[in-house]
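Undergrad: Modelling step: build the complete structure from the supplied sequences, incorporating the hints.
In order, the protein sequences belong to chains L and E.
Position 191 of the first sequence, counted from 1, bears residue number 191 in my numbering, the numbering being contiguous throughout.
Position 243 of the second sequence, counted from 1, bears residue number 243 in my numbering, the numbering being contiguous throughout.
Please keep in mind that the hints were generated in silico from the structure rather than gathered at the bench.
Take the hints with a grain of salt, since some may be wrong.
[Stated by the list, open to error] Simulated pairs of lysine to aspartate or glutamate, DMTMM-like, Cα-Cα distance not exceeding 25 Å:
(1) L:LYS7 with E:GLU223
(2) L:LYS13 with E:GLU250
(3) L:LYS7 with E:GLU202
(4) L:LYS42 with E:ASP236
Since we're looking at a predicted model, the values are computed, not measured.
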Amino acid sequence: MAYDYEKSIRPGKLPHIWCPGCGHGIVMKGLIRAMDTCGLEKNNTAIVSGIGCASRMPGYLDFNTLHTAHGRAAAFATGVKMAKPEMTVICCGGDGDGAAIGGNHFIHACRRNIDMTYVLLNNYIYGMTGGQFSSSTPPGHLASTTPYGNPDPAFDLAKLAIGAGATFVARTTAFHATQIDKLIVEGIKHKGMAVIEILDDCPTTYGRRNKFRSVVDMMKRLKDIAVPVTAAAKMTAEQLEGKTLTGVLHKEDRPEYCETYAKIIARVQGA
Amino acid sequence: MAKKIALLQGNEACAMGALYAGCNFFGGYPITPSTEVAEVMAAELPKIGGKFIQMEDEIGAMASIIGAALAGSKALTATSGPGVSLKQELIGYACIAEVPCVIINVMRGGPSTGMPTGPGQSDVMQARWGTHGDHAAIALCPASCQEIFSETVRAFNLAEKYRMPVQVLFDEIVGHMRERIVFPEPGELEVVDRTAPSVPPEKYKPFDTSFGDVPPLAAFGSEYRFHVTGLNKAEDGFPTTKAELVDAEERRQIRKVECPEARADIELNEEYMTEDAEVVIFAYGSTARSARYAVNELREQGIKAGLFRPITLWPFPEKRVAQLGEQVKAMVVAEMNLGQMVFEVERIVKSTCKLGLVTRVDGDPLTPTQIIDQVKEVL
Numbered sequence: 001m002a003y004d005y006e007k008s009i010r011p012g013k014l015p016h017i018w019c020p021g022c023g024h025g026i027v028m029k030g031l032i033r034a035m036d037t038c039g040l041e042k043n044n045t046a047i048v049s050g051i052g053c054a055s056r057m058p059g060y061l062d063f064n065t066l067h068t069a070h071g072r073a074a075a076f077a078t079g080v081k082m083a084k085p086e087m088t089v090i091c092c093g094g095d096g097d098g099a100a101i102g103g104n105h106f107i108h109a110c111r112r113n114i115d116m117t118y119v120l121l122n123n124y125i126y127g128m129t130g131g132q133f134s135s136s137t138p139p140g141h142l143a144s145t146t147p148y149g150n151p152d153p154a155f156d157l158a159k160l161a162i163g164a165g166a167t168f169v170a171r172t173t174a175f176h177a178t179q180i181d182k183l184i185v186e187g188i189k190h191k192g193m194a195v196i197e198i199l200d201d202c203p204t205t206y207g208r209r210n211k212f213r214s215v216v217d218m219m220k221r222l223k224d225i226a227v228p229v230t231a232a233a234k235m236t237a238e239q240l241e242g243k244t245l246t247g248v249l250h251k252e253d254r255p256e257y258c259e260t261y262a263k264i265i266a267r268v269q270g271a
Numbered sequence: 001m002a003k004k005i006a007l008l009q010g011n012e013a014c015a016m017g018a019l020y021a022g023c024n025f026f027g028g029y030p031i032t033p034s035t036e037v038a039e040v041m042a043a044e045l046p047k048i049g050g051k052f053i054q055m056e057d058e059i060g061a062m063a064s065i066i067g068a069a070l071a072g073s074k075a076l077t078a079t080s081g082p083g084v085s086l087k088q089e090l091i092g093y094a095c096i097a098e099v100p101c102v103i104i105n106v107m108r109g110g111p112s113t114g115m116p117t118g119p120g121q122s123d124v125m126q127a128r129w130g131t132h133g134d135h136a137a138i139a140l141c142p143a144s145c146q147e148i149f150s151e152t153v154r155a156f157n158l159a160e161k162y163r164m165p166v167q168v169l170f171d172e173i174v175g176h177m178r179e180r181i182v183f184p185e186p187g188e189l190e191v192v193d194r195t196a197p198s199v200p201p202e203k204y205k206p207f208d209t210s211f212g213d214v215p216p217l218a219a220f221g222s223e224y225r226f227h228v229t230g231l232n233k234a235e236d237g238f239p240t241t242k243a244e245l246v247d248a249e250e251r252r253q254i255r256k257v258e259c260p261e262a263r264a265d266i267e268l269n270e271e272y273m274t275e276d277a278e279v280v281i282f283a284y285g286s287t288a289r290s291a292r293y294a295v296n297e298l299r300e301q302g303i304k305a306g307l308f309r310p311i312t313l314w315p316f317p318e319k320r321v322a323q324l325g326e327q328v329k330a331m332v333v334a335e336m337n338l339g340q341m342v343f344e345v346e347r348i349v350k351s352t353c354k355l356g357l358v359t360r361v362d363g364d365p366l367t368p369t370q371i372i373d374q375v376k377e378v379l
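TA: This is how it looks when you write it as structure tokens:
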């Protein structure tokens, strides 16, 4: 029997705004399956986003949902989680939203190791505004604001999250649909800041400008560049050139922020 | 039983007022001259099981209090002008999403970094029009440490009652001044909590106007489940571009604060010797202390002077200012900026009385002498 997505989707909110061929829907389905697998209660779950195509996702989902301002998802989510640590808090949003305008909130949420799961949809572009380069657009690629090729180096978002202190960091792509929910499940179950970077496609504003003739071409690229970390261990540097590692990239145990603060409360009240 | 008395700094009184009002979440970022508010909250909140977080920046601090408020907290942040500049984005968010929260602005000079340790009153228009777009504003301006306490309580009450951000502005002089505070007993000052929904969860709409212009607000993590966005939205909380819905929402969000009943409820002024006054000094915050002194001096010199001190700056007390404009020969606005509230006063009294202005922005307070001189010049 086909999986029932509708039980997690708000009645009357579809169709979504995403373009044909956009991978965001694949990610949303993965998120729905993951939340279901974890048995999350709708009333006890908050999904928080910023601004952009990916940030429209919470509006479709039948949970407590908070569509905030550009880049601010992690900071709003921190307030929700601190106020009600018993809630499961999930952020979702794009690369420009999370890592450029929201970069400061993102890295500090990682540093605090606050218990939330950040699903970061990296489609290499500002899609909603029509295809301007983002902080993860590869150098040399074309965008509406890099008509002669992108002069900027790109962020490696998973590395950024690891460097900033996130205690669970994983990556996959919109092509690897079944891995999406597996990694999000691990992220939700992980106590602390979990970042799941999902390499995504934007055929409308990124693909067309960068010689991907079809959505299939873009999906093939995502398939081709992904190398599981386990496989990468047996590959040479040459073989890894141009590839992106996928799977669980980092996992560690470190005190979670709200638990640490709860201990402070207990100590102060006990004194 | 004797009431508890203390010698407190204005900023400390602010924190104690917030706690009295039931504040259980503080999200902040260090900035002079407001930092003591955060320091007291950091020490006190864990004692009552509340939460304090120092965020990575001013915007994050504002975001955290909105998030916490939506999860049911009474949330506070404290900053100064440069911080409020950064927070404007999300003050607008709290306006459109109708999220109760309180923002303290301990005013220093400006623009930009200005004079961090000097007083100023140059953020009063920022409190009205700082964030983009049409929106209502509530801003309170206490002039003593005791009043900082009570106005912080009132700010929470108004935020909860009208479901919106409320700003409390006091200049650095009052923020750092130490005065005797008499702590009100629990229950002595009114403490208001937001109206919770009375409908069953499946019927709940976060912007349901069938209960009036201020829709009941549920909390995340309760039996109610809802969507919040900074986009123009319909009653159900979901984005809309339907002209009639956008228009109705925008107008309601202003009407809920600016209708006559709400104005009367929110307005608070102090008047000193205005009954027979021929000239009224319009002054607020610490400047009103100099103005009061000036009134006494002028009276001794035979000039029938009075003081009008708005404690609620926004909405502007236009009805009472208009009445005074009819009564007096002249009104003199005294403010620690280069003329901001004077535009509002002028709008109201320009056809009824003469208007004078005395300003100061060098980091020192306006003196009674400066105010007296201006009164005599105008008369």
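Undergrad: Of the hints stated earlier, which fail here?
TA: The structure breaks none of the hints.
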